[in-house]
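Enquirer: So the sequences go chain by chain: A and B.
Position 279, counted from 1, in the first sequence is what the UniProt record's numbering calls 279; the numbers after and before it change by one each time, with no gaps.
Position 332, counted from 1, in the second sequence is what the UniProt record's numbering calls 332; the numbers after and before it change by one each time, with no gaps.
Since the hints were derived computationally from the structure, they do not count as laboratory data.
Each hint should be verified, as a subset may be incorrect.
For identical chains, the list gives no copy identity; a pair is met inside one copy or between any two copies.
What the hints assert, rightly or not - In silico lysine-lysine, DSBU-like type, Cα no more than 35 Å apart, as pairs:
(1) K116 <-> K272
(2) K104 <-> K364
(3) K272 <-> K87
(4) K270 <-> K364
(5) K268 <-> K385
(6) K268 <-> K162
(7) K54 <-> K87
(8) K54 <-> K140
(9) K272 <-> K385
(10) K242 <-> K162
(11) K88 <-> K116
(12) K87 <-> K104
(13) K116 <-> K385
(14) K385 <-> K162
(15) K364 <-> K268
(16) K87 <-> K169
There are 2 protein chains.
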Amino acid sequence: MNAEIIAVGSELLLGQIVNSNAKYLSEQMAHLGINVYHHSVVGDNPDRLTDVLKVATNRSNLIIMTGGLGPTKDDLTKETVAALLGKKLVYDPETEKRMDMYFKQRNRIMTENNRKQAMIIEGSHVFTNEHGLACGIGIKTSEYQIIMLPGPPRELIPMFNKFVTPYLKGQISKVNHIQSRVLRFFDIGESQLVEIIDDLLESQTNPTIAPLASGGEVTLRLTVMGEGEEKNRNSLDEVEEKILSRLGEFFYGYGEDTLFENIVKHLKEKNKTIASAESITGGLFATEVTAINGASLVFPGSIICYSNAAKRSLLSVSNEILNDEGAVSHTCAKELAEKVRINFQSDYGISFTGVAGPDPLEGKPPGVVYMGIASKDRTVSYELKLAGSRQNIRERSAKYGAYYLLQWMRKETKKVDE
Amino acid sequence: MNAEIIAVGSELLLGQIVNSNAKYLSEQMAHLGINVYHHSVVGDNPDRLTDVLKVATNRSNLIIMTGGLGPTKDDLTKETVAALLGKKLVYDPETEKRMDMYFKQRNRIMTENNRKQAMIIEGSHVFTNEHGLACGIGIKTSEYQIIMLPGPPRELIPMFNKFVTPYLKGQISKVNHIQSRVLRFFDIGESQLVEIIDDLLESQTNPTIAPLASGGEVTLRLTVMGEGEEKNRNSLDEVEEKILSRLGEFFYGYGEDTLFENIVKHLKEKNKTIASAESITGGLFATEVTAINGASLVFPGSIICYSNAAKRSLLSVSNEILNDEGAVSHTCAKELAEKVRINFQSDYGISFTGVAGPDPLEGKPPGVVYMGIASKDRTVSYELKLAGSRQNIRERSAKYGAYYLLQWMRKETKKVDE
Numbered sequence: 001m002n003a004e005i006i007a008v009g010s011e012l013l014l015g016q017i018v019n020s021n022a023k024y025l026s027e028q029m030a031h032l033g034i035n036v037y038h039h040s041v042v043g044d045n046p047d048r049l050t051d052v053l054k055v056a057t058n059r060s061n062l063i064i065m066t067g068g069l070g071p072t073k074d075d076l077t078k079e080t081v082a083a084l085l086g087k088k089l090v091y092d093p094e095t096e097k098r099m100d101m102y103f104k105q106r107n108r109i110m111t112e113n114n115r116k117q118a119m120i121i122e123g124s125h126v127f128t129n130e131h132g133l134a135c136g137i138g139i140k141t142s143e144y145q146i147i148m149l150p151g152p153p154r155e156l157i158p159m160f161n162k163f164v165t166p167y168l169k170g171q172i173s174k175v176n177h178i179q180s181r182v183l184r185f186f187d188i189g190e191s192q193l194v195e196i197i198d199d200l201l202e203s204q205t206n207p208t209i210a211p212l213a214s215g216g217e218v219t220l221r222l223t224v225m226g227e228g229e230e231k232n233r234n235s236l237d238e239v240e241e242k243i244l245s246r247l248g249e250f251f252y253g254y255g256e257d258t259l260f261e262n263i264v265k266h267l268k269e270k271n272k273t274i275a276s277a278e279s280i281t282g283g284l285f286a287t288e289v290t291a292i293n294g295a296s297l298v299f300p301g302s303i304i305c306y307s308n309a310a311k312r313s314l315l316s317v318s319n320e321i322l323n324d325e326g327a328v329s330h331t332c333a334k335e336l337a338e339k340v341r342i343n344f345q346s347d348y349g350i351s352f353t354g355v356a357g358p359d360p361l362e363g364k365p366p367g368v369v370y371m372g373i374a375s376k377d378r379t380v381s382y383e384l385k386l387a388g389s390r391q392n393i394r395e396r397s398a399k400y401g402a403y404y405l406l407q408w409m410r411k412e413t414k415k416v417d418e
Numbered sequence: 001m002n003a004e005i006i007a008v009g010s011e012l013l014l015g016q017i018v019n020s021n022a023k024y025l026s027e028q029m030a031h032l033g034i035n036v037y038h039h040s041v042v043g044d045n046p047d048r049l050t051d052v053l054k055v056a057t058n059r060s061n062l063i064i065m066t067g068g069l070g071p072t073k074d075d076l077t078k079e080t081v082a083a084l085l086g087k088k089l090v091y092d093p094e095t096e097k098r099m100d101m102y103f104k105q106r107n108r109i110m111t112e113n114n115r116k117q118a119m120i121i122e123g124s125h126v127f128t129n130e131h132g133l134a135c136g137i138g139i140k141t142s143e144y145q146i147i148m149l150p151g152p153p154r155e156l157i158p159m160f161n162k163f164v165t166p167y168l169k170g171q172i173s174k175v176n177h178i179q180s181r182v183l184r185f186f187d188i189g190e191s192q193l194v195e196i197i198d199d200l201l202e203s204q205t206n207p208t209i210a211p212l213a214s215g216g217e218v219t220l221r222l223t224v225m226g227e228g229e230e231k232n233r234n235s236l237d238e239v240e241e242k243i244l245s246r247l248g249e250f251f252y253g254y255g256e257d258t259l260f261e262n263i264v265k266h267l268k269e270k271n272k273t274i275a276s277a278e279s280i281t282g283g284l285f286a287t288e289v290t291a292i293n294g295a296s297l298v299f300p301g302s303i304i305c306y307s308n309a310a311k312r313s314l315l316s317v318s319n320e321i322l323n324d325e326g327a328v329s330h331t332c333a334k335e336l337a338e339k340v341r342i343n344f345q346s347d348y349g350i351s352f353t354g355v356a357g358p359d360p361l362e363g364k365p366p367g368v369v370y371m372g373i374a375s376k377d378r379t380v381s382y383e384l385k386l387a388g389s390r391q392n393i394r395e396r397s398a399k400y401g402a403y404y405l406l407q408w409m410r411k412e413t414k415k416v417d418e
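I would like the entire structure built from these sequences, with the hints used as guidance.
Expert: So this is what it looks like as structure tokens:
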């Protein structure tokens with residue numbers, strides 16, 4: 001089955017909203033093993049919509065449309081599809097009944113506009129809308145099928161999950177079982193990573209290997225299509241082993257958990273706590289950690305010592321260090337990590353001091369960053385030389401901190417298959 | 001000019017990322033007065049991309065492409081466009097020089113794959129990439145023009161702002177002078193705001209009024225098209241006055257400056273400093289403030305007192321307050337704001353304490369937040385009851401803090417027209 005997704009709505013073309021439905025539906029299609037080759041967005045205009053539909057029906061056999069099912073004059077998805085297929089619109093008694101109830105419950109009067117939403121294309125399949133008025137519609141010809149879904153994600157997502165997924169699954173051969181595994185890497189760029197496993201990417205068929213870079217992390221999604229779960233898992237293991245034999249040093253975990261989610265998870269498992277002393281990152285490390293549910297179990301807090309006066313008064317960094325070696329130094333990073341650990345009485349302390357830019361600091365250029373990690377027994381420091389914008393340098397500093405901390409703590413990670 | 005946007009990348013069709021570039025570019029096109037009639041997404045496949053391009057070049061005269069300019073074999077936007085136009089790819093010496101420098105600075109070796117990124121289509125216009133390797137390319141035929149931009153938003157957005165916007169503005173007829181002004185509002189939802197000025201929105205022609213909600217802030221962009229700058233400014237003033245007579249209490253500034261940028265600007269102007277004590281926000285306020293250039297002049301630091309032990313030991317909140325009124329209380333918020341101000345010897349102190357969820361705290365439900373603002377002379381506290389996810393509650397708390405602080409400091413704001 002070759003699918004494509006058409007979103008109807010001028011608000012998308014004006015840049016007022018992002019097409020999150022296309023992302024959601026594509027993800028669902030991937031899970032179903034259905035290939036999606038195109039997304040389109042077109043405005044509330046019958047001629048342009050007809051043209052887009054003609055192109056789509058010539059190249060795809062499953063077309064999912066979103067939006068344009070509302071009550072206003074602008075909403076014309078059903079009308080346009082019906083005209084293209086030479087079919088009539090008819091009232092769906094079930095939907096009419098549901099709408100009557102909806103308005104009665106709310107003590108509101110149903111307008112003629114609203115009643116339009118109870119119309120379906122003759123001979124179509126109706127998907128109930130449990131979170132709004134517009135029902136979804138599926139219509140088949142000998143060459144293709146079109147599924148029309150309401151635009152608001154809070155209506156579309158539950159409708160798709162509950163009614164459209166089983167409808168499509170019923171049409172897909174049961175022979176193939178799809179399974180995937182995500183490997184996560186840090187401290188390596190996408191192009192460098194791709195080059196290292198170039199031959200594996202070239203020769204991939206089943207499992208497939210899909211690299212993706214996002215927020216400074218690179219992931220590889222391995223997807224296998226086969227007859228049984230165990231056989232699939234073995235294929236995934238085999239490819240993973242080949243990949244990790246080359247990229248193991250950059251690997252930090254499986255699945256959808258980010259670096260910071262991994263940190264909170266590991267600290268919880270080991271029953272340990274961490275506090276941060278942040279200069280260059282200005283609270284970014286703490287913000288990322290506390291964004292995660294249950295962070296309070298592992299994170300008592302942080303001191304953001306943006307000024308040198310704060311480093312001195314709140315974390316007792318000596319004048320000697322600040323004057324002789326500077327705030328941007330290995331020694332200061334170590335001192336901050338140790339002192340913040342003691343201040344918060346935590347198991348670990350982590351610190352960030354450096355130059356975010358755009359101006360140099362203490363004669364050091366933007367991108368020079370020192371990080372310290374301290375436990376009761378030992379303290380280490382790291383030097384980074386990052387490039388990029390102020391915000392980029394700050395974000396990557398926080399991530400490197402998370403990565404080095406994870407390396408410090410981690411012995412093993414658990415495999416997660418989807 | 002009729003525009004359309006084509007995104008190239010299988011990761012979009014797999015639903016791994018959302019097409020935020022299409023939203024951003026559509027918004028920018030709307031500001032430039034250029035109509036966008038279609039968005040498309042197509043995978044890293046030369047045949048399908050060629051087909052999509054053929055459809056596009058038949059119906060639009062400005063085609064903006066995003067993605068597929070990277071170093072891997074999958075990246076084939078330039079190659080496909082060149083083949084369609086019957087043109088050759090050539091090395092751009094400027095881009096080569098920039099790339100050499102990039103790799104030298106990072107002590108990394110440039111691979112052959114990377115060198116591919118220095119290639120452009122013969123006879124094309126080059127848009128410099130100041131945040132990555134792939135340059136942008138603009139190529140014209142007698143019937144249409146194609147602009148190719150890198151996929152990562154952190155590269156695309158600055159490139160578009162700095163280089164593509166003036167390039168397109170130069171092509172738009174100079175007869176009509178477009179001028180716009182953005183009014184910024186907080187503490188009011190988009191639909192409520194729209195309802196209050198419904199009649200103005202209904203009757204708008206020139207200037208137009210475009211509402212936009214983003215990150216909890218609502219903006220109104222007034223755009224006037226006319227013959228002269230002064231006449232335009234008068235029209236904008238007139239509409240603005242009508243709007244602010246109804247919405248003045250929610251208005252906080254002009255232009256693209258966010259709440260936090262406004263705060264840093266105001267503090268700098270008044271030569272004042274602020275420190276934060278953060279529990280629920282976990283460093284988010286500090287992170288937002290320190291994201292802004294020159295924050296070190298106005299922000300000495302913050303204490304993130306996530307645990308009650310930290311509130312006690314680092315900010316001397318008394319056991320009486322924590323036990324009797326609780327950490328989530330007006331009294332605790334005031335105490336935190338006053339103590340952090342003294343700790344950092346700053347002009348203002350601001351504090352955040354509350355329940356981010358998903359679980360209740362001290363018998364209070366998620367969304368209950370107390371904020372304190374302290375100066376030398378007085379301390380106030382605010383209570384918020386927010387709904388939404390953990391991250392949403394945290395973000396809006398930090399924004400309300402910024403908004404109340406701004407109200408405290410602000411007497412007047414300066415008009416900014418674009």
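Enquirer: If any of the earlier hints don't hold here, list their numbers in rising order.
Expert: Going through the list in order, the structure violates hints 1, 3 and respects the others.
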